[in-house]
Amino acid sequence: MNIELIWAQDEQGGIGKNGKLPWQISEDLKNFKKITSGFPVIMGRKTWDSLPFKPLPNRRNIVLSSRTVKGVETYESIQSCINKLENESIKKIFIIGGESIYKAFYAQASVLHLTTIYQETYGVDVFFPISTNSIKEKFNMIESSQLSQKATYTKWILKI
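Those letters in the sequence shown? Residues 2 to 161, per our numbering, in order.
Hints in this document: simulated from the structure, not taken from any laboratory.
Take the hints with a grain of salt, since some may be wrong.
As the list claims (entries may be wrong) - Calculated pairs, DSS-like style, for lysine-lysine (alpha carbon to alpha carbon, straight line, at most 30 Å):
no.: 1; residue 1: 21; residue 2: 93
no.: 2; residue 1: 21; residue 2: 55
no.: 3; residue 1: 21; residue 2: 139
no.: 4; residue 1: 55; residue 2: 85
no.: 5; residue 1: 139; residue 2: 151
no.: 6; residue 1: 139; residue 2: 18
no.: 7; residue 1: 104; residue 2: 93
Unchecked claim - Cβ-Cβ distance ranges computed for the label pairs, FRET-style:
no.: 8; residue 1: 153; residue 2: 85; range: 31 to 37 Å
no.: 9; residue 1: 158; residue 2: 124; range: 31 to 37 Å
no.: 10; residue 1: 58; residue 2: 21; range: 15 to 21 Å
no.: 11; residue 1: 28; residue 2: 91; range: 24 to 30 Å
no.: 12; residue 1: 139; residue 2: 78; range: 20 to 26 Å
no.: 13; residue 1: 20; residue 2: 160; range: 31 to 37 Å
no.: 14; residue 1: 137; residue 2: 21; range: 15 to 21 Å
Quick caveat, the model's predicted, so the values are computed rather than measured.
Glycine residues also receive a C-beta, built at the ideal position from the N, C-alpha and C atoms.
Sequences are here, hints too, so could you generate the full structure?
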């Protein structure tokens with residue numbers, strides 16, 4: 002099963018502010034939807050709580066949490082979640098946050114989808130847990146596109 006991480010961050014690696022995205026860039030949201038539609042998305046409880054509407058449409062929404070979350074498929078452990086999906090012959094999953102969930106899945110990831118946001122973001126309090134240098138050591142960038150004046154998308158694959 003391919004594990005792919007997808008996230009947007011500012012130039013300092015910021016991904017969250019007060020439990021929400023620190024920006025609303027429609028091109029980023031459209032790209033996220035295009036990439037993840039039709040596939041399971043795995044997130045932590047805080048990310049689930051931050052969604053403006055639930056569940057994300059046309060995706061199997063899965064939450065990792067130590068307690069059951071009403072209205073969504075929930076697992077207490079990564080391994081129980083992975084086992085369930087592998088037993089169902091799921092071929093690809095997307096990890097959509099937050100910080101601790103990204104950190105937990107990074108070592109198993111084969112593809113990264115990163116959108117870099119170029120705008121001032123003040124008060125960011127959550128950061129992507131892996132440095133750009135670490136990403137460059139482990140992954141090769143295979144795609145780059147300008148989504149808007151404020152956002153660039155890059156796709157990275159695991160080095161062989």
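We went through each hint and held it up to the structure:
1. Distance check on the hinted pair: residue 21 and residue 93 sit about 26 Å apart at the alpha-carbon level, within 30 Å; holds.
2. About 14 Å separates the Cα atoms of residue 21 and residue 55, which keeps this hinted pair within 30 Å; it holds.
3. A distance of roughly 29 Å separates the Cα atoms of residue 21 and residue 139; the hinted pair therefore holds under the 30 Å criterion.
4. At most 30 Å may separate the alpha-carbon atoms for a hinted pair to count; residue 55 and residue 85 meet this at roughly 22 Å.
5. With a CA separation close to 26 Å, the supplied pair residue 139 and residue 151 stays within the 30 Å bound.
6. In summary, the hint linking residue 139 to residue 18 is supported, as the alpha carbons are separated by about 28 Å, within the 30 Å threshold.
7. Between residue 104 and residue 93 the alpha-carbon distance is near 18 Å, which keeps this suggested pair within the 30 Å criterion.
8. Our hint of 31 to 37 Å for residue 153 and residue 85 holds, since their Cβ atoms are close to 35 Å apart.
9. Taken as a hint, the range 31 to 37 Å holds for the pair residue 158 and residue 124, whose Cβ atoms sit roughly 34 Å apart.
10. About 19 Å separates the C-beta atoms of residue 58 and residue 21, a value consistent with the hinted range of 15 to 21 Å.
11. Between residue 28 and residue 91 the CB atoms are about 28 Å apart, so this pair conforms to the stated range of 24 to 30 Å.
12. Judged by the Cβ atoms, the range 20 to 26 Å given for residue 139 and residue 78 holds: they are separated by roughly 24 Å.
13. Separated by about 34 Å at the C-beta atoms, residue 20 and residue 160 satisfy the suggested range of 31 to 37 Å.
14. Take residue 137 and residue 21: their Cβ atoms lie about 29 Å apart, and the range 15 to 21 Å is violated.
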